[in-house]
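> As a plain string of letters, each chain reads:
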Amino acid sequence: MATSTTRWATPARRSGVTLQQEGVIAAAILGLTVVVSLANPDFFNTTNLLDIVVNTAYIAVAAAGMTMVIVSGNIDISVGSMLGVCATIAGELARNGAPVPLAFAVAVLAGSVMGAVNGILVAYARIPAIVVTLGMLSILRGGLILVTQGRWIESLPEAFFFSQRSTLGIPNPVWVMLIVVGLVWLFMKYHRWGRAIYAVGGNAEAARLAGINPQHVQFFVFVVNGVLVGLAAVLYASRFTAIQSNAGQGFELAVISGTVVGGVSILGGTGSVIGALLGSLLISQIGTAAIFLKVSPFWLQAVQGGLILLTVLIDVLRRRRFA
Amino acid sequence: MAPPIIELREISKSFPGVQALDRVSFEVREGEVHALLGENGAGKSTLIKILTGAHQPDSGTILLRGQPITIPDTRHGLKLGIAAIYQELSLYPDLSVAENIFMGHQPSNRFGVVSWRQMQQRARAILHELDADDLDVSRPVRGLSVGNQQRVEIAKALSHDARILIMDEPTAALTQHDVDRLFEIVRRLRARGVAIIYITHRLEEVFLLADRVTVLRDGRVVGETMHVSQTNQAELVRMMVGRTLDTFFPKDAAEPGEVVLEARNLSYGRTTRNVSFVLRRGEIVGLAGLVGAGRSELAQVLFGITPAESGEIRVEGKPVRIRNPREAMALGIAYVPEDRKLQGLLLRMNVRENTTLAVLRQLLRYGFVDDAAEMRLTQEYVDRLQIRTPSQMQQVANLSGGNQQKVVLAKWLAAKPKVLILDEPTRGIDVGAKAEIHRLMNTLAQQGMAILMISSELPEVLGMSDRVLVMRQGTIVAEFDRAHATQEAVIAAAMGADALHTTPAASTTLT
Chain A
1 MATSTTRWAT
11 PARRSGVTLQ
21 QEGVIAAAIL
31 GLTVVVSLAN
41 PDFFNTTNLL
51 DIVVNTAYIA
61 VAAAGMTMVI
71 VSGNIDISVG
81 SMLGVCATIA
91 GELARNGAPV
101 PLAFAVAVLA
111 GSVMGAVNGI
121 LVAYARIPAI
131 VVTLGMLSIL
141 RGGLILVTQG
151 RWIESLPEAF
161 FFSQRSTLGI
171 PNPVWVMLIV
181 VGLVWLFMKY
191 HRWGRAIYAV
201 GGNAEAARLA
211 GINPQHVQFF
221 VFVVNGVLVG
231 LAAVLYASRF
241 TAIQSNAGQG
251 FELAVISGTV
261 VGGVSILGGT
271 GSVIGALLGS
281 LLISQIGTAA
291 IFLKVSPFWL
301 QAVQGGLILL
311 TVLIDVLRRR
321 RFA
Chain B
1 MAPPIIELRE
11 ISKSFPGVQA
21 LDRVSFEVRE
31 GEVHALLGEN
41 GAGKSTLIKI
51 LTGAHQPDSG
61 TILLRGQPIT
71 IPDTRHGLKL
81 GIAAIYQELS
91 LYPDLSVAEN
101 IFMGHQPSNR
111 FGVVSWRQMQ
121 QRARAILHEL
131 DADDLDVSRP
141 VRGLSVGNQQ
151 RVEIAKALSH
161 DARILIMDEP
171 TAALTQHDVD
181 RLFEIVRRLR
191 ARGVAIIYIT
201 HRLEEVFLLA
211 DRVTVLRDGR
221 VVGETMHVSQ
231 TNQAELVRMM
241 VGRTLDTFFP
251 KDAAEPGEVV
261 LEARNLSYGR
271 TTRNVSFVLR
281 RGEIVGLAGL
291 VGAGRSELAQ
301 VLFGITPAES
311 GEIRVEGKPV
321 RIRNPREAMA
331 LGIAYVPEDR
341 KLQGLLLRMN
351 VRENTTLAVL
361 RQLLRYGFVD
371 DAAEMRLTQE
381 YVDRLQIRTP
391 SQMQQVANLS
401 GGNQQKVVLA
411 KWLAAKPKVL
421 ILDEPTRGID
431 VGAKAEIHRL
441 MNTLAQQGMA
451 ILMISSELPE
461 VLGMSDRVLV
471 MRQGTIVAEF
481 DRAHATQEAV
491 IAAAMGADAL
501 HTTPAASTTL
511 T
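Chains as they are written, first to last, in the numbering used here: chain A, 1 to 323; chain B, 1 to 511.
Take the hints with a grain of salt, since some may be wrong.
As the list claims (entries may be wrong) - Some chain B residues close to chain A (C-beta under 10 Å, calculated; not the full set): (1) Phe-15; (2) Asp-136; (3) Ala-328; (4) Ala-330; (5) Gly-332; (6) Leu-345; (7) Leu-357; (8) Gly-367; (9) Phe-368; (10) Val-369.
Because the hints were derived from the structure by calculation, they are not lab data.
For every residue, glycine included, the Cβ atom is placed at its ideal position computed from N, Cα and C.
Throw the hints in and build the complete structure from the sequences for me.
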């Protein structure tokens, strides 16, 4: 190690800011658990706590994709509509007798196709992501209601309810969540393309000069996001006995909130999928806690909004120091 | 005699690490064109910014018609009748000519409602004074020729009733026809009593247009203000240079090897025109020229950022095509850009991630980055370049400028290039880090790397280079070997001062 006498000498930190943020969120989750459990001991109960995790699973899977999108300097607000479309496809196929694994696979494939469309428009047609995905949000939602005519999908085969089952005592959605988050974390940290996502979001010009093609990276990110939304849709669709035609409405807010609260910079370039997982958990937990504390759900929304503004404000202030 | 319309007395201004102006005194009279000359970084821009109110002097006084004043901001400067026209025009392309002229002070009634009729009438009147009646005031600025856009800028200044007009290299981007028209306008304004501060790199313009001339060098006025009739081009060049070469440039004479990179008649747009040169193993070639001469643009052609439209590049004798940075990298070319924050660094990522960005491909094991190999590689460059950082995990945003620059260098050296293009490698970094980077360049050249160095610091170019190429208006206009590269010769070539060209023997011919 060279002499460590810089003016800025600070302790070594892995990826700096995000680790801090992840620590803060983890502490908040623990703190909230303690406080709410003291106020209402029923909260501190294995079933309840596990429920929170299970209910967060499909959000966290999509948040992993959203992390990649936001780190690359983009956003995808069409994930709610995409989830609805994918869930409906899976349900319709299974109801009409297709093998369940095939139904799930087609749903994931559909997600990747929709992601690819977003990716082409953002990366190659160079339309801002917010515009592309806003358009996609409306088109998919409208199309879904036209096709289903607002009917619910019911009488699904027993094999379809993947999310209701457990493997080795742990609910399937939790397995999927852990595996996805783990893989995406490894990918973003140790894969060349994962690093490229940070590079493009942090400084597209420097990335280009280092031989990275920012357009390919952006396209890739949207496709992966589509795949993960497809997977989230499978988890979502197989939880309950019916799939509603408005499935996934407002889902994009939950996913983006979790990701941003977890420390993924909305300005691109930093953040980790672990943070996004913790952020999603925190927001779900606040929701459940509100019920146990008999707080109005409207307060809940205000708290969630406040949390988002606070995290982004901290991020912006940190950045200003570097300017 | 009436006091000068504006006078600076003993003005000093410093920025972190630089004394931009050191007790500069300067005055302009009504009805005078006063030329201001100086090399890149001599302090001209700072002087303008102090006059317009964009910067505040650390000490000294400004007198307007003999009265001491302060100019807290540019808005205030405009109110006092001080306006500037910069080299980069600052117009709103989608707004009309009239709107551009009156931006920020549109004729309006007391409720703030803009009178378009009045605005257009007054715009037409101002353009008429400039003999530019041919400009339609209601058309958008987008699509106007550069010369016409500049007339809009001048009209904008006049709409503020400017009595002091600062023109920063106004002819840099103009065609000859537009230059003639501009001179006509300047003479008209002078006849109306406007005081004009005219900054230029074209020495012949000084003698065509100016009444008096002042030369700045390293933030100081050289000698004193002179009437143009009392001086000549050769004297002005001598005044602009004449810096002493300090000895800390460690360049050892190297025995250049075989040709690594050869450019033949490279062209791109209007910025790179018919450029030919060779670069040999183990030599450092300095690329000198004024700001805007096309040096960085040439580097971008060589690195494939703006691929050559015509001409040929040969690497180790073989003709190659370089269409993007990736192809350039594959051929062993590396480019350390001018602006490390904008083009070089991922500020919020750590030293390790920045160092290995361009070579991750080589660190893969089973498709994933090998942590240990990445750490070893980074440590190698942290040690070799003496990057001062508490750890490899430090965000580069937290490092000093010199260490940031070393991280950018590490990134490119890790790619083991044969040809290293450095664009202003020591700009804005402290003296110690600068010397370290110079030493490193020296070592790299001795190990056989070919280095093309762009620098606006003449002493750096002369001290570090085995050969010096001089660019002007997008093309290479002169080449000097180390022995013949003097400040006067390089500056004269960069400015196109024909009378001063050195004897043909001193400049070796191009291949």
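> Find the hints from earlier in the document that the structure breaks and name them by number, from lowest to highest.
Hints 1, 2 and 5 not satisfied by this model.
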